[in-house]
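Asker: Okay, here's what each chain looks like letter by letter:
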Amino acid sequence: MNALDPGPEMHALVERLYPLCRSITGNGVRRTLEIIDEYLPLTVHEVPTGTQVLDWTVPAEWNIADAYVADPAGNRVIDFRESNLHVLGYSVPVDTTMPLAELRAHLHTLPEQPDLVPYRTSYYAPAWGFCLAQNTLDALPDGDYRVVIDSTLADGHLTYGEHVVPGRVTDEVIVSCHVCHPSLANDNLAGIAVAIQLATAIAATDPWYTYRFLFAPGTIGAITWLARNAERIDRVKHGLVLACAGDRGSLTYKQSRRGDAEIDRVLRHVLRTSGRPHTELEFSPYGYDERQFCSPGFNLGVGSLTRTPYAGYPEYHTSADNPDFVSAESMVDTLAVCREAFAVLDRNRRYVNTSPFGEPQLGKRGLYDSLGGRSDAKQAQLAMLWVLNLSDGEHSLLDIAERSGLPFDAVAGAAEALLGADLLVACPQDAAARPDPATRSTAAETKGVTG
Amino acid sequence: MNALDPGPEMHALVERLYPLCRSITGNGVRRTLEIIDEYLPLTVHEVPTGTQVLDWTVPAEWNIADAYVADPAGNRVIDFRESNLHVLGYSVPVDTTMPLAELRAHLHTLPEQPDLVPYRTSYYAPAWGFCLAQNTLDALPDGDYRVVIDSTLADGHLTYGEHVVPGRVTDEVIVSCHVCHPSLANDNLAGIAVAIQLATAIAATDPWYTYRFLFAPGTIGAITWLARNAERIDRVKHGLVLACAGDRGSLTYKQSRRGDAEIDRVLRHVLRTSGRPHTELEFSPYGYDERQFCSPGFNLGVGSLTRTPYAGYPEYHTSADNPDFVSAESMVDTLAVCREAFAVLDRNRRYVNTSPFGEPQLGKRGLYDSLGGRSDAKQAQLAMLWVLNLSDGEHSLLDIAERSGLPFDAVAGAAEALLGADLLVACPQDAAARPDPATRSTAAETKGVTG
Amino acid sequence: MNALDPGPEMHALVERLYPLCRSITGNGVRRTLEIIDEYLPLTVHEVPTGTQVLDWTVPAEWNIADAYVADPAGNRVIDFRESNLHVLGYSVPVDTTMPLAELRAHLHTLPEQPDLVPYRTSYYAPAWGFCLAQNTLDALPDGDYRVVIDSTLADGHLTYGEHVVPGRVTDEVIVSCHVCHPSLANDNLAGIAVAIQLATAIAATDPWYTYRFLFAPGTIGAITWLARNAERIDRVKHGLVLACAGDRGSLTYKQSRRGDAEIDRVLRHVLRTSGRPHTELEFSPYGYDERQFCSPGFNLGVGSLTRTPYAGYPEYHTSADNPDFVSAESMVDTLAVCREAFAVLDRNRRYVNTSPFGEPQLGKRGLYDSLGGRSDAKQAQLAMLWVLNLSDGEHSLLDIAERSGLPFDAVAGAAEALLGADLLVACPQDAAARPDPATRSTAAETKGVTG
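Protein chains in written order, with numbering that gives the first Met the number 0: chain A, 0 to 450; chain B, 0 to 450; chain C, 0 to 450.
Treat the hints with caution; some may be incorrect.
[Unchecked claim] Between beta-carbon pairs, the in silico distance windows are:
hint, chain 1, residue 1, chain 2, residue 2, range
1, C, 273, B, 104, 25 to 33 Å
2, C, 231, A, 378, 48 to 56 Å
3, B, 404, C, 311, 29 to 37 Å
4, C, 231, B, 424, 20 to 28 Å
5, B, 404, A, 402, 54 to 62 Å
6, C, 56, A, 378, 47 to 55 Å
7, C, 124, B, 258, 53 to 61 Å
8, B, 72, C, 420, 44 to 52 Å
9, C, 233, A, 285, 51 to 59 Å
10, C, 232, A, 427, 20 to 28 Å
11, A, 310, C, 311, 47 to 55 Å
12, C, 273, A, 310, 24 to 32 Å
13, B, 424, A, 228, 23 to 31 Å
[What the hints assert, rightly or not] Residues on chain A that point at chain C, a partial pick, calculated with CB under 7 Å:
hint, residue
14, 55
15, 56
16, 58
17, 59
18, 356
19, 388
20, 391
21, 394
Think of the hints as simulated: they come from the structure by calculation, not from any bench.
Quick caveat, the model's predicted, so the values are computed rather than measured.
For glycine and all other residues, C-beta sits at the position ideal for the given N, C-alpha and C.
Take the sequences, apply the hints, and build the full model.
Answerer: So this is what it looks like as structure tokens:
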């Protein structure tokens, strides 16, 4: 992995994953997880068809070998081998011949984008169909067409993968990517590529929190994870859903349902202080798996980071969302913001000033420039005064950075110096999230298959 | 009643009520209530002079047969028969002759509006006087003037009327109009006309709340009602004081003292989403009977709806506030906003999502377009997602409409669909306001006279 | 004292105090307090070296008789007798000869303001040094220089003074000025001059609160007072740090750490309604002794009033902050705002309407213009309605003034009239701060020396 510029590697991964026919179940997801595992060891879970997960049931597993529509002359005019988008996702098997007039009811196009093939699925209502460009459809002559979908819908499994970066505490941060879309690059192969790099980068920082990376099919995958991890949910303190991470638009942060969760404040701080053009959106109950994490029963502090947001670009859910649509530079930029945000989140704690009555005498502890009165008051000393003044157990370091206008790094550095001088102690609530000796062993969990 | 356009009927009622000499007591109020009763059955209450009501005492009843000032030649130069505004309200009887110089102390004019007759009263300090145009006064020659006020101030009653539209719950909404002003059309005959139509319209909707329409003299009437209904006050959840409902200005909503009462939020929502030009005012302790309902001991969620607000137009409390000053169109517009506002208020409740962990599967309940991925996500489905996500017992349907930007009707429709699928239940607090079997019998109360 | 224009007297005091060599201890402070005592009787406290005060220790007492640097020809080229700023405050004694090259390490200048002498100190790290204009330094020839600082650093005392204006209650307002700066006029002789006039003015008003004026060295003086008055801190309800009170800039109010303390709201109200150009700053943990009063353990409602704020003008901490830099007019203006602010604070209380159900009948109590309907509703009557409506124990008179837009004086006057009619009573919480018979005897404390 090239630590200097992960861009080319991320883009190469997008290209490698692009041809696979993913869906919410099946071998396309399995193969995707195998490839991710080459970069980031995964625990892969297989959940049987029929398993009750919250209000849902794991559906039959779908696999597909081939599919086409052949014209009266026998030419494959719509061909799964050219693009897996050509088949309606979860199509039931079919092998028949019908006139074009009858076939039309099963054909999906985008009349206003006549060159593009749309992406369509029918997961829970049995159906079959093909997707094609309007221009292709318009050129089809009347006549009888051979229609073949060589798919299976049968008892099997739903498959998802996890990678855990163990931290000093068992409180968790979850980073989630959906892995159910077939040949769509921005939605969500770019998100997968960024998440892999992010996990590697965080592991190198000896993080405070335990970070859990989840690669699962959208909706049913998140619901399955939530159903199977009921006892773990209380540990999930923060989270981020990563999607559309590679297009050339500016970044968009969509808040958690809470709106003022710590992850919301961290992303806002990092995006605003970075000077990047960006958009901040309030929560809405549609989009990606933040819908599930932020359902009212869970109401987790999980936001969503994208570049151009969900359904916000004309290439969305079409054949134009191909590897050319995403850029290495954009993925690098998304990764950089993620790293900066988690660097803030990971250090953002509340402390209590142990000498809160008047200012403590910094000079006798070697923390103050003893020659008073210099006009060039130093940022580090200002940061110490701010941290001392606001460390009453109510204000986090991020609060202090925002209130003072000082960089978070300066504030965190001041807190470290003051901790070293015993002028601060961890806030009791934060200290309660104390390191669990068993935590480190979760690293053992990061490789293997469970079911 | 012409349901298609109630405008002409409302204007005709204003004209019919206009000549009556109303005051805070007396036969002018009684006759006004009799006429209202022709449209809307009233329970009329007679409260004896001397009755202690909160900090006040019901005053002597005032009636007047005639009044005039005759010039030295015997001509009635100020004549009650021409306009009841010419007599200072609650004038004690007088029959004397005095020079103009002495009479001037009893004459009230508007020097800056020299053609108009002002409206003046002296309810609680014994006095007599006449009101006239400055131009009339300026033309009076010196000399001795005959002065006659044929009035009585004697033990009697204060009279007010009520009409109740029974609802499914005993929680009440109060709509209040003052009926104490003599020949003033906008202040408040237009309010009376709108209230009558509003009561009729609400009765046709099988409302949730019980609606109480109060027609009472200003200040002392509201105080009397409050004093006599102490046990009922807790049921009054919302209210609206209607006045100045017919002038050609745009609508003005004055908030309750609370400022964020549900009625305040409903009126704000309806006025803003309707696109009408309008004004929103914070509460102030002067104006109409919201002063009493919003006194700190009651602090009810009662706002006030007018067109041009209290004392805000040059015709206010003058002879220019005549039937020509109010328009049928304006009254129809005021009525429409009232109807829309109460339609929102009446359906605005909080629910609890019964499947709050993750999204419930709408498809298996027939609530979701099964072919996922269509770019034309439907408003109804968005509304269901919003209602599910925010129905945690904290958010009302109005909250959800405002947060989502969806029309209240779409949100209320989604809630109905989800209730039908058992995905919502009423919020326990709202359910506590459960239908009282005795409520319907309050309809029996809507006709008759009590005292 | 000229009550008509205290400006000349304040400026004369600045000039009289200017030559004294003050520091955080020593005879310069003692002499300063003796002079203040001529205007305002002080209780002077002497706290021995070595006394532990919060996190600090009272340092050795510093006194200085003479100091100079003589050039090779024997001329005093840097001379304490010319300005006490020439010596680094708290310089240890020295009597030696050294070449200029070696001496430079002990010389402080302002290269960017080459004509000015900086003000520098080294209270807690033993050091010696001289301050001079860069131009003076540049003109010094090489050679050996005689260096003499005839100072003493020995066990002694820290000295501060207090003056108490007794009030009707023992709750206190503290007004604090630092007295540790040598020849600096705006910082803080102007503050001292204003505080003296303010104390005299408040004493003439029979105030509600007890006002404590503190004249103490910065930082260590405030810390010493806080340490020695632990039992009294709970009584300190409000406070103001006065500094930089005489420059020609506009006023600046810096909020307490709480940001919405009553003193913050009072100063904001007075500054905004006065129409003066002014600046409002949020709290920051640097500046004057608000740093100590607003440390998180105390978190008192203490703001700071200056003209141009701390370190905000080029003359700050230089020889240019001389008596010409402050004007009598500016000090008069600062004094006027202080007086107006304390006049509001002193009367700002919460009341409870004793007749909260409906409006009380003002007419029968002689509080209402009985002839209803006059269009020129009087401010006094509006103020009574506002006070009655909002006097629920939650709203102070300042709240009511701000909500109604009426002048504070009108609101306070209305409250007085309503109290006279028994329509208001003091809010129980405020009444709890009841007059303490012993309070008046605190006047006996205002003269004398303790240690």
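Asker: With reference to the structure, classify each hint as holding or not holding.
Answerer: We went through each hint and held it up to the structure:
Taking 25 to 33 Å as the suggested C-beta distance range, the pair residue 273(C) and residue 104(B) does not conform, at roughly 42 Å. Between residue 231(C) and residue 378(A) the beta carbons are some 37 Å apart, a value that contradicts the proposed interval 48 to 56 Å. Range check, residue 404(B) to residue 311(C): Cβ separation about 46 Å, and the 29 to 37 Å hint is violated. Look at residue 231(C) against residue 424(B): about 57 Å separates their beta carbons, and that is not inside 20 to 28 Å.
Distance hint check for residue 404(B) and residue 402(A): the Cβ-Cβ separation is about 32 Å, which falls outside the suggested range of 54 to 62 Å. Restraint check, residue 56(C) to residue 378(A): a C-beta distance of roughly 28 Å breaks the suggested window 47 to 55 Å. For residue 124(C) paired with residue 258(B), a C-beta distance near 57 Å keeps the hint of 53 to 61 Å intact. The given range of 44 to 52 Å is respected by residue 72(B) and residue 420(C), whose C-beta atoms sit roughly 50 Å from each other.
For the hinted restraint 51 to 59 Å between residue 233(C) and residue 285(A), the CB-CB distance of approximately 54 Å keeps it satisfied. Distance hint check: the CB atoms of residue 232(C) and residue 427(A) are about 25 Å apart, consistent with the given range 20 to 28 Å. At about 51 Å, the CB distance of residue 310(A) to residue 311(C) agrees with the hint of 47 to 55 Å. Checked against the hint of 24 to 32 Å, the pair residue 273(C) and residue 310(A) fails, with Cβ atoms roughly 54 Å apart.
Distance hint for residue 424(B) and residue 228(A): a CB-CB separation of about 27 Å, consistent with the stated range 23 to 31 Å. With its C-beta approaching chain C no nearer than about 48 Å, residue 55(A) sits outside the 7 Å limit, and its interface hint is violated. Checking residue 56(A) against chain C by beta carbon gives a least distance of about 54 Å; that is not within 7 Å, so the hint is violated. Because the smallest distance between the Cβ of residue 58(A) and any Cβ of chain C comes to about 55 Å, over 7 Å, the interface hint for this residue is violated.
Taking 7 Å as the C-beta cut-off, the interface hint given for residue 59(A) is violated, the closest approach to chain C being about 60 Å. Proximity of residue 356(A) to chain C holds as hinted, the smallest CB-CB distance being about 4 Å (cut-off 7 Å). At its closest, the beta carbon of residue 388(A) sits 4 Å from a beta carbon of chain C; the interface hint therefore holds under the 7 Å criterion. Annotation: interface hint on residue 391(A) holds; nearest CB of chain C at approximately 4 Å, less than 7 Å.
At about 9 Å, the closest approach between the beta carbon of residue 394(A) and any beta carbon in chain C exceeds 7 Å, and the interface hint on this residue is violated.
Consistency note: the structure conflicts with the earlier hints numbered 1, 2, 3, 4, 5, 6, 12, 14, 15, 16, 17, 21.
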